[in-house]
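J.: Single-letter residue listing:
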Amino acid sequence: MSSDLVLEAKGIETHFLSRGEPVKAVRGVSFSLARGEKLGIVGESGSGKSALALTVLGLLDPPGKVVGGEVWLHGRRLDLADEREWSSVRGRHISLVYQDPMVALDPVKTIGWQIAEVIRRHNPAIGRAALRRRVVELLREVGVGDAERRADSYPHQYSGGMRQRVVVAMALANDPDVLIADEPTTALDVTTQAQVLDLLDRLTTDHGSAVILITHNMGVVAEFCDRVLVMYAGRIVEEASTSELFAHQAHPYTEALLSAVMRPDQLPRGPLPTIPGAPVALDALPDGCAFAPRCPVRQAKCELEPPPNVELGGLGHGKAECHFAVERTKAAPALPR
Amino acid sequence: MAFRETARTVVGRVISGAVTVLLATFLSFALLRVFPGDPARTVLGSLATPESIANLRHEMGLDRALPTQFWIYIRDFFTGDWGFSYATGVPVRTLMGQRIMATVELALTAFLLAFIPALALALVVTYRPRKWLDASARGLAYIAIGTPTFWLALLALIVGFVNWHILPGPEGRLSVDVSPPPHITGLYLFDSFFTGHFATFGNAAWHILLPALVLAFPSFGFMFLLLRVNLLEVRNEPFLLVVRSKGVSRWWAFVRHALPNAFLPTLTASGLVLAGLLTGTVLVEAVFAWPGAGALVVDSVQRQDFAVVQAFILLAAVIYVVINTLVDVLYGIVDPRVRLRGAGAAA
Numbered sequence: 001m002s003s004d005l006v007l008e009a010k011g012i013e014t015h016f017l018s019r020g021e022p023v024k025a026v027r028g029v030s031f032s033l034a035r036g037e038k039l040g041i042v043g044e045s046g047s048g049k050s051a052l053a054l055t056v057l058g059l060l061d062p063p064g065k066v067v068g069g070e071v072w073l074h075g076r077r078l079d080l081a082d083e084r085e086w087s088s089v090r091g092r093h094i095s096l097v098y099q100d101p102m103v104a105l106d107p108v109k110t111i112g113w114q115i116a117e118v119i120r121r122h123n124p125a126i127g128r129a130a131l132r133r134r135v136v137e138l139l140r141e142v143g144v145g146d147a148e149r150r151a152d153s154y155p156h157q158y159s160g161g162m163r164q165r166v167v168v169a170m171a172l173a174n175d176p177d178v179l180i181a182d183e184p185t186t187a188l189d190v191t192t193q194a195q196v197l198d199l200l201d202r203l204t205t206d207h208g209s210a211v212i213l214i215t216h217n218m219g220v221v222a223e224f225c226d227r228v229l230v231m232y233a234g235r236i237v238e239e240a241s242t243s244e245l246f247a248h249q250a251h252p253y254t255e256a257l258l259s260a261v262m263r264p265d266q267l268p269r270g271p272l273p274t275i276p277g278a279p280v281a282l283d284a285l286p287d288g289c290a291f292a293p294r295c296p297v298r299q300a301k302c303e304l305e306p307p308p309n310v311e312l313g314g315l316g317h318g319k320a321e322c323h324f325a326v327e328r329t330k331a332a333p334a335l336p337r
Numbered sequence: 001m002a003f004r005e006t007a008r009t010v011v012g013r014v015i016s017g018a019v020t021v022l023l024a025t026f027l028s029f030a031l032l033r034v035f036p037g038d039p040a041r042t043v044l045g046s047l048a049t050p051e052s053i054a055n056l057r058h059e060m061g062l063d064r065a066l067p068t069q070f071w072i073y074i075r076d077f078f079t080g081d082w083g084f085s086y087a088t089g090v091p092v093r094t095l096m097g098q099r100i101m102a103t104v105e106l107a108l109t110a111f112l113l114a115f116i117p118a119l120a121l122a123l124v125v126t127y128r129p130r131k132w133l134d135a136s137a138r139g140l141a142y143i144a145i146g147t148p149t150f151w152l153a154l155l156a157l158i159v160g161f162v163n164w165h166i167l168p169g170p171e172g173r174l175s176v177d178v179s180p181p182p183h184i185t186g187l188y189l190f191d192s193f194f195t196g197h198f199a200t201f202g203n204a205a206w207h208i209l210l211p212a213l214v215l216a217f218p219s220f221g222f223m224f225l226l227l228r229v230n231l232l233e234v235r236n237e238p239f240l241l242v243v244r245s246k247g248v249s250r251w252w253a254f255v256r257h258a259l260p261n262a263f264l265p266t267l268t269a270s271g272l273v274l275a276g277l278l279t280g281t282v283l284v285e286a287v288f289a290w291p292g293a294g295a296l297v298v299d300s301v302q303r304q305d306f307a308v309v310q311a312f313i314l315l316a317a318v319i320y321v322v323i324n325t326l327v328d329v330l331y332g333i334v335d336p337r338v339r340l341r342g343a344g345a346a347a
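Protein sequences appear in the order of chains W and E.
Numbering follows our numbering, with no gaps: position 196 of the first sequence is 196.
Numbering follows our numbering, with no gaps: position 32 of the second sequence is 32.
No wet-lab data here; the hints were simulated from the structure.
Note that the structure is predicted; figures quoted are calculated from it, not measured.
Every residue, glycine too, gets a C-beta built ideally from N, C-alpha and C.
Fair warning: there could be bad hints in the mix.
[To be verified] To give an idea of the interface, some chain W residues facing chain E are shown, with a C-beta separation under 7 Å as derived from the structure:
id: 1; residue: S87
id: 2; residue: R90
id: 3; residue: G91
id: 4; residue: V108
id: 5; residue: R121
Required output: the full structure, derived from the provided sequences and hints.
T.: In structure tokens form, the structure reads like this:
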């Protein structure tokens, strides 16, 4: 294992067990994350992004269950860890920025106390004064003005954008190796989104943290990520560097996702572009390609055989899980190299 | 700023509390004027002459206009003159004073015996969903709420005293051969413990156990159900996930974050339960011969000793109002969203 590899997930299988067939939210997902890398995971709602994030954080609660796969952090296997070991890792080596800042903070504890909690948890010996100094310093770093006084405020006295800054401060407090940001800006208005994203970008670089950014927003991906995983129905259907992916989409699903992105200077006339149909039911998956029922270029074989995972490195692209990935990539216009 | 806000809240609560007490005063005054039976005749007996009754009525002020009587009644109550017990001739305040601490001790003990198990059980049941455990606990709570206190009291006596001989019979707060501890608060458990009379403490604890448990049982069921519902609601709040993502263990996240949030809505109910226990000891005291205010009221009702009953009704109203006011003020201290409402808006 390369020392530059921070996090590695191998063949993750996460199911939600309910009455009847289990819902297979994550079906054999593998990926790795290099030190300081910014990795995007994109997909529609219900594609398994958040279940994957919770699996990597060891925070999946019943009825969710990790039924297979391995999670490695710095060569240390985590998926077999007990709650005690997990909790010594969370907040120290892996942390989370939750999607909705309005509900991410305890309403009856001060902002400062909640930031202090994560520092104290992993450094019990820290003195009161040092702890306070660190809390104020973090608040300043994420751009909370008058931090000394505002540390004693409660969440309801902060706006949504300010609360998300606090959540970012908590996530970065112990300089984690990996920060998982699950749709960190969806609950915010557009101008605040840009500010928070900018902050996240700058601070994760400063703190040397690698980022897994979970989003359905291709614009955010283009701005933020080095590399992208595209998820559909619990599997990674395409993986490529951001520039490769925007230049060429080896998987028809990725292509459809990108064509659904609107550019303000090129607003379409008539109905907005969408991906026809609904995501496949995860408790009744088809035999063939999970995207086949919605795919505009499907052929007979797509509905019968599961597609292979095709390595496209020789063609200047990442990987894709499509029967026609090679043909599509060869036919693509010259890729930027 | 926050302080002024709190002060204003407190003043508002105190005023509305005073109005409530005044209304209760009026009600208790009116009720006793409506009841059949003439206190003067009760005092003098059935053989008294009409003249002597008229004299006594004049002396007691019963021949004056009702508004005047009401005014005197309120003034006297709040200046501490609660009248005389017609039956015994002793001032009502003295009678109450002898009895009230026995009731307070019983009610406070029952409150702890209801609250602590209710909280513990609610935590266990909601921490991890276990259907059978939850169902059994809820069943127990419904039984607790539905069981008539006097029946449970008799049953407890029969089992604990008559059959098993492990608990004292209905003989009050101490065994006959044990003398009360030096008076500090009038709470025997407290007084005996802090003056080092541990044998007396043990005896008092042994005596208070059954009546307090019986009294606590319905409140336990009520508070368990309430805490359970509030904990279930808070348990799925996303901030608990965030707390756990900081490395706080699941149990600590539950105790330090879910519990305080779940406890806030329970505060009002706790106040009502405590007030209910303080004023609802009547039946239990009667069964266990507990020399408290409740037993005094039972005796007084039987003797048509209105002054005592009236004083008790008013006292109960004041207890309710005071506890509720305290709870409201406590909210302002405990819940930052109430405390800081209107002060320092979001940036």
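J.: Run every hint past the structure and note whether it holds.
T.: For each hint, the structure was consulted:
{"no.": "1", "hint": "S87", "verdict": "holds (5 Å)"}
{"no.": "2", "hint": "R90", "verdict": "holds (4 Å)"}
{"no.": "3", "hint": "G91", "verdict": "holds (3 Å)"}
{"no.": "4", "hint": "V108", "verdict": "holds (5 Å)"}
{"no.": "5", "hint": "R121", "verdict": "holds (5 Å)"}
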